[in-house]
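**Q** Spelled out from the first residue to the last, the chains are:
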Amino acid sequence: MKRYLPFFIVGTVALVTLASGALLYRAKRLPALAIPENSTTSAMGGTEMLHVRGRADALVTLVEFGDFQCPPCANLSDPINQLERDYRSRLRVVFRHFPLANHQHAREAALASEAAGLQGRFWEMHDLLYREQSVWSKAPDVRILFNAYAGMLGLNIDRFKKDMESEEAKARVASDEQKAGALGVRTTPTIFVNNHQVSPAYLNPAGLRGSIDTALRARTPVSSTQ
Amino acid sequence: MNTSRFRIILYTLAAIVSLAGLADATYLTVQALTGETLVCGGSPDCFRVLGSSYARVAGIPVAAFGTLAYFGVFSFAMFAAFGYARARAFLTLTVGTMFLATLWLLYVQAFVLHAFCRYCLFSAALVFGLSAIAVLVPSSR
Numbered sequence: 001m002k003r004y005l006p007f008f009i010v011g012t013v014a015l016v017t018l019a020s021g022a023l024l025y026r027a028k029r030l031p032a033l034a035i036p037e038n039s040t041t042s043a044m045g046g047t048e049m050l051h052v053r054g055r056a057d058a059l060v061t062l063v064e065f066g067d068f069q070c071p072p073c074a075n076l077s078d079p080i081n082q083l084e085r086d087y088r089s090r091l092r093v094v095f096r097h098f099p100l101a102n103h104q105h106a107r108e109a110a111l112a113s114e115a116a117g118l119q120g121r122f123w124e125m126h127d128l129l130y131r132e133q134s135v136w137s138k139a140p141d142v143r144i145l146f147n148a149y150a151g152m153l154g155l156n157i158d159r160f161k162k163d164m165e166s167e168e169a170k171a172r173v174a175s176d177e178q179k180a181g182a183l184g185v186r187t188t189p190t191i192f193v194n195n196h197q198v199s200p201a202y203l204n205p206a207g208l209r210g211s212i213d214t215a216l217r218a219r220t221p222v223s224s225t226q
Numbered sequence: 001m002n003t004s005r006f007r008i009i010l011y012t013l014a015a016i017v018s019l020a021g022l023a024d025a026t027y028l029t030v031q032a033l034t035g036e037t038l039v040c041g042g043s044p045d046c047f048r049v050l051g052s053s054y055a056r057v058a059g060i061p062v063a064a065f066g067t068l069a070y071f072g073v074f075s076f077a078m079f080a081a082f083g084y085a086r087a088r089a090f091l092t093l094t095v096g097t098m099f100l101a102t103l104w105l106l107y108v109q110a111f112v113l114h115a116f117c118r119y120c121l122f123s124a125a126l127v128f129g130l131s132a133i134a135v136l137v138p139s140s141r
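Protein sequences appear in the order of chains A and B.
The numbering used here applies: residue 1 is where the first sequence begins, and numbers increase by one.
The numbering used here applies: residue 1 is where the second sequence begins, and numbers increase by one.
I should point out that these hints are in silico values taken from the structure, not numbers from a laboratory.
Honestly, I wouldn't trust all of these hints.
Now the in silico label distances, taken between C-beta atoms and shown as ranges [unchecked claim]:
#1 HIS196/A <-> GLY83/B: 22 to 32 Å
#2 ARG217/A <-> VAL108/B: 24 to 34 Å
#3 ASP127/A <-> THR97/B: 27 to 37 Å
#4 ALA125/B <-> ASN81/A: 33 to 43 Å
#5 PHE122/B <-> PHE8/A: 41 to 51 Å
#6 THR92/B <-> SER20/A: 24 to 34 Å
These figures come from a predicted structure and were not determined experimentally.
Yeah, the Cβ is synthetic: ideal placement off N, Cα and C, and Gly gets one too.
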């Protein structure tokens, strides 16, 4: 009997490991989120201002809930810009704020982008914030850097500073957070392609391209769901 | 305490340590498979390590290799404790390989990624412990 005991123990440990791994996988796998078909922009009220790049009649809409201080979001910024260039009129991109509480400067960055948006330069600030993330995310006083970025983009600095503090900018960020909460978004980046969440395992250039291709094959124009 | 008893205690200790490693590596493997390491929601340092290209070999999460290695160590330690003569050689070989892999992964974290993942550091500590046990086990001759 003693001869077979190690086989029994090793077998038991193998089974327990496999079973616990499978249970953990099921528990950790994020539920696939979807944007309800009847969710329209007008329903969000007066503070809602979508940041959209691309044509309104594009066949595919990619919605990103992002945080400017999130490294994976920054990593995806250039690939998404490349996808926009590759798919041209077939793809439009929507950005929504979801600044995470554990990122010290994420909210200020979101407000800076909104302040730039109030002068018509949201996307320029969006790209700049992601590109310079490693610089400003470690800075003790990000305001100085954000003001410098505003200057680089040719914005009116005094107005930019005032807009960063404005209730309008805060309300726009809050509106996106509210939307994220309603959809069950918990992490960043959370990306939807034609209203269906892209699995975190596919949050890479090839995975996004595959999701867009799949949506294009389905050829379901989506114009009013974001 | 005689040598045989001391050996059994060390093998049992190695088996217990490897179980902790098995749990750690299984958790990291699941994280990699669900894509949780690719999103922000936890520690940024963990993302830098576990979301980096060094966290996968040929598309397979490094943690999966860790799971297999810890399971191997547990199995060999159990068989060695029950007197299977060849198990010790396999145990030493596996732990030696893990030791070298751990040195490489620590180097990558410290000098390439400039970020440390706490689960990886825990695993490194376990591997160092297993290495010490493998060295301490007295020869059967």
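**Q** Take the hints in turn and mark each one as holding or not.
**A** Status of each hint after checking the structure:
Between HIS196/A and GLY83/B the C-beta distance comes to about 57 Å, which lies outside the given range of 22 to 32 Å. The given range of 24 to 34 Å is broken by ARG217/A and VAL108/B, whose C-beta atoms sit roughly 39 Å from each other. Here the CB-CB span from ASP127/A to THR97/B is close to 45 Å, at odds with the stated 27 to 37 Å. Range check, ALA125/B to ASN81/A: about 42 Å between beta-carbon atoms, so the 33 to 43 Å window is met.
Distance hint check: the CB atoms of PHE122/B and PHE8/A are about 29 Å apart, inconsistent with the given range 41 to 51 Å. Our hint of 24 to 34 Å for THR92/B and SER20/A holds, since their Cβ atoms are close to 28 Å apart.
Checked against the numbered hints given earlier, this structure breaks hints 1, 2, 3 and 5; the rest are met.
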